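S.K.: So you can see what is in the structure, the chains are spelled out below.
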Amino acid sequence: MTAVSSPRSVGVLALQGDFREHREMLDQLGHYSYEIRKPEQLRDLDALIIPGGESTTIARLILSNGFQDPIRDFCASGRPVWGTCAGAILLAKVVDRLDRPGIEVMDISIARNAFGRQVDSFEENLDIKGIEGGPFHAVFIRAPIITEVRPPAGAIARLADGSVVAARQGNLLATSFHPEITGDSRLHSYFLGTGISIQREPRAPLPAGAPPELLPFLDASGRLTAWPTRDKLQRAAISYLAPRFDSGQRYSEREVNTLLDRHHTFNDSALLRRVLFDWGYLDRERDGSRYWRADGPAPARETADA
Amino acid sequence: MTQTGTWAVKVGLAQMLKGGVIMDVVTPEQAKIAEEAGACAVMALERVPADIRRDGGVARASDPEMITGIIEAVTIPVMAKARIGHFVEAEILQALGVDYVDESEVLTPADETHHIDKNAYKVPFVCGCRNLGEALRRIGEGAAMIRTKGEAGTGDIVEAVRHMRTVQDEIRRISNMQDDELYTTAKELGAPLELVKQVKREGRLPVVNFAAGGVATPADAALMMRLGADGVFVGSGIFKSENPALFAKAIVEATTHYQDPEVLARVSRGLGGAMRGISVSSLPEKELLATRGW
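So the protein lines, in turn, are chains A and B. Position one of the first sequence corresponds to residue 1 (my numbering), numbered consecutively onward. Position one of the second sequence corresponds to residue 307 (my numbering), numbered consecutively onward.
With the rest of the complex left out, here is chain B:
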């Protein structure tokens, strides 16, 4: 019996993306540059997070025509963002044939209480998290892939590092617990008990976990891999740099050779300027994107 849209094929696509770089693109031309450079997938959106941050206003899912143009331009998987809780945007993206939906805090949330019931879709979802509880809540709702939230559009890696270290630390803590301690832990994390048990059993998240939000250089990408990321999303970091094609290739090499400082030194040379960036600590609380979602 042929079965589509199963958990195995949803999680499986994320497993195939591991060790790779997923790049934000806003036009078919950028998508081609990303594919040529070795991106393992692209995220199609109207504005990169740095521009969303600058322009303000309401950020919504992208124009289907733009998404279709990008789907037709490349052979690698195409992801697209829906607003948190906006299940109709997600249905539209599924109908367009995107390969992964990112229910993303980078867009303006549509629902302040509920995330999308992602189990109800054939298309897989990726969601952001700041800690293990948030990651497991999203997985409970059906997310087949997790990424750190970081602080998108800043080019500042500090939040992504915080979120990745927090998740890894909480996983290590649970791995060392007695079984009878898991109930209270599940309550404290606000996470489904079955998933907490699974984390203890396997010593890792039940799905692939990428780094996102603030990756701007090859060294940033390698840092996140060293901290335990399975792969890297780069949003504004590529097409807001001086030489997008060079930056894209260098970040792809750095994500493969993250343990090899000699290769990292070689690929980091002569790239020109990285994206300008904003220090997260200089941002007022209400401008932070990572605090969206729960």
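Chain A on its own, in the form it takes in the complex:
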């Protein structure tokens, strides 16, 4: 596995499909990955992946959750965006047999289910322009074909019969196969690294003391907007919240809740209070009548990653 010099914050659109597989690939490469279910979560990402899944389903959820324009803006910002299979369909400007609009940003035409039904799904080795180290083993599942590539888009991989199965247009990448399920991370590295230059928009300044990996969970005022599912991020969230409590001051339970309510938006101060206590950032009287700031985390607790 190639080490990364600068870990990036990569969002995987998590409306439907195999977003977990993309996240596992990104985590293996040492990047931060996030499941994106609301448009405001796009704000501080370095890159976005639209995963495999059912394109009609993801398209419907893109529309019903107000993602269409925010993702178009994200594509226009120059940050890398990659669609795999269903994601590629959604990036194409012209799609055969899709009864609703997608993102429509790449100058390619694409035909859905172009190889037939599931019994025709297949595995094949590909040579991909820009990917070194031998052929790339690709899995095609009810896959689309890129039927036309118009400049500035260009084909980067073809099957033996000439069908285009991967294309790139500046910061936009489309593959009709699934690199996220074969364990070969070269395309993920290509996507984030050498292949595409990152031209990130200037960021809003970090809220004081906020670790960068926590950014997708913070709103403009630095409030925590969701409880992360991963242990690493939960710990980052809690160590970010703990300094809000003054050392030496004693708080009633209600005061603890009020203070926490000022610093989060998902209305679960009880959860945060309990975790702050469990992890040793807060201590309390046995009857819970008074709380105070403690030194720091107790030994790591076993936590299942959701």
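None of these hints come from the bench; they were simulated from the model. The structure presented is a predicted model; accordingly, all values stated were derived computationally and were not measured. Some clues are possibly wrong.
Which stretches of chain A does chain B cover? Using the computed rule of at least three CB atoms under 8 Å from a CB of chain B, they are [stated by the list, open to error]:
hint: 1; segment: 48–60
hint: 2; segment: 70–80
hint: 3; segment: 85–97
hint: 4; segment: 118–128
hint: 5; segment: 135–145
hint: 6; segment: 271–278
Calculated lysine to any residue pairs in the SDA-like style (CA-CA distance at most 20 Å, straight line) [unchecked claim]:
hint: 7; chain 1: B; residue 1: Lys338; chain 2: A; residue 2: Asp96
hint: 8; chain 1: A; residue 1: Lys38; chain 2: B; residue 2: Lys338
hint: 9; chain 1: A; residue 1: Lys38; chain 2: B; residue 2: Pro567
hint: 10; chain 1: A; residue 1: Lys38; chain 2: B; residue 2: Arg572
hint: 11; chain 1: A; residue 1: Lys232; chain 2: A; residue 2: Gly30
hint: 12; chain 1: B; residue 1: Lys338; chain 2: A; residue 2: Pro101
hint: 13; chain 1: B; residue 1: Lys428; chain 2: A; residue 2: Glu104
hint: 14; chain 1: A; residue 1: Lys38; chain 2: B; residue 2: Ala571
hint: 15; chain 1: B; residue 1: Lys428; chain 2: A; residue 2: Pro101
hint: 16; chain 1: B; residue 1: Lys338; chain 2: A; residue 2: Lys232
hint: 17; chain 1: B; residue 1: Lys338; chain 2: A; residue 2: Arg117
hint: 18; chain 1: B; residue 1: Lys428; chain 2: A; residue 2: Gly116
hint: 19; chain 1: A; residue 1: Lys38; chain 2: B; residue 2: Gln565
Quick reminder that beta carbons are idealized off the backbone N, C-alpha and C, glycines included.
Once you have looked at the hints, place chain B on chain A.
M.R.: Same frame as chain A, but now just chain B:
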């Protein structure tokens, strides 16, 4: 070398269905409603489980003409059910071009000893389970996707919850075992040893695991996702409700936003009546579908 029908493409399709809702439909019109609402696949069958339960008699694989009509009506994957052990029905479904075969306890079993040898097919199979042993036996036979059995056609979520919790609990138990304890565990579960080892290594089932059997509301769908389901089958719950199109859309949104009570509250409003439902605890033992298969 191009290869079709491999384990990777069979399991892969199930991976693409994750986070989605698979809806039972009995006509091309219903299939279109499901697709419009955002279903990630449809299950084509002659009668939804609630009607099978009401009508009694022998439930068999559906008329090929009906299945073909549904395949032609939509662009999303189409699944269809074969009877447990009825490998000829499965071959017919494969020949029709269905994308997934459900070897299902909802139909009347054709074989009381053997399930279908699913490794022998290019089309992938999904099978029901009540516990980890049953899930791993089916995977050993070649199932590329697993679902809870629940109790189909009741609109009562209690059995699906029991089955999902049981599977997750047994996975957690195995994850914490010493290697030398796995042999006896495999024997007790009645599951292939290699698959038990794989569960310990990876801490999860080797294939995608959906919830099925009794999902009737958006909250039911979100509950199953919270309990660790990768996605949801909804059988009678949609087209036995008062507003199928609204219910279908709401359950799709709920399956995506299962961790977000505010979204769940919004999408659950004003849907009209859910399917009527039957409490599973009121059913006599012999009417339970989940006890079919082993």
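S.K.: It remains to establish, for every hint, whether it holds in the given structure.
M.R.: Right, here's what the structure says about each hint:
no.	hint	verdict
1	48–60	holds (count 6)
2	70–80	violated (count 0)
3	85–97	holds (count 3)
4	118–128	holds (count 8)
5	135–145	holds (count 4)
6	271–278	violated (count 0)
7	B:Lys338 / A:Asp96	17 Å, holds
8	A:Lys38 / B:Lys338	27 Å, violated
9	A:Lys38 / B:Pro567	14 Å, holds
10	A:Lys38 / B:Arg572	15 Å, holds
11	A:Lys232 / A:Gly30	13 Å, holds
12	B:Lys338 / A:Pro101	17 Å, holds
13	B:Lys428 / A:Glu104	34 Å, violated
14	A:Lys38 / B:Ala571	16 Å, holds
15	B:Lys428 / A:Pro101	33 Å, violated
16	B:Lys338 / A:Lys232	43 Å, violated
17	B:Lys338 / A:Arg117	18 Å, holds
18	B:Lys428 / A:Gly116	13 Å, holds
19	A:Lys38 / B:Gln565	12 Å, holds
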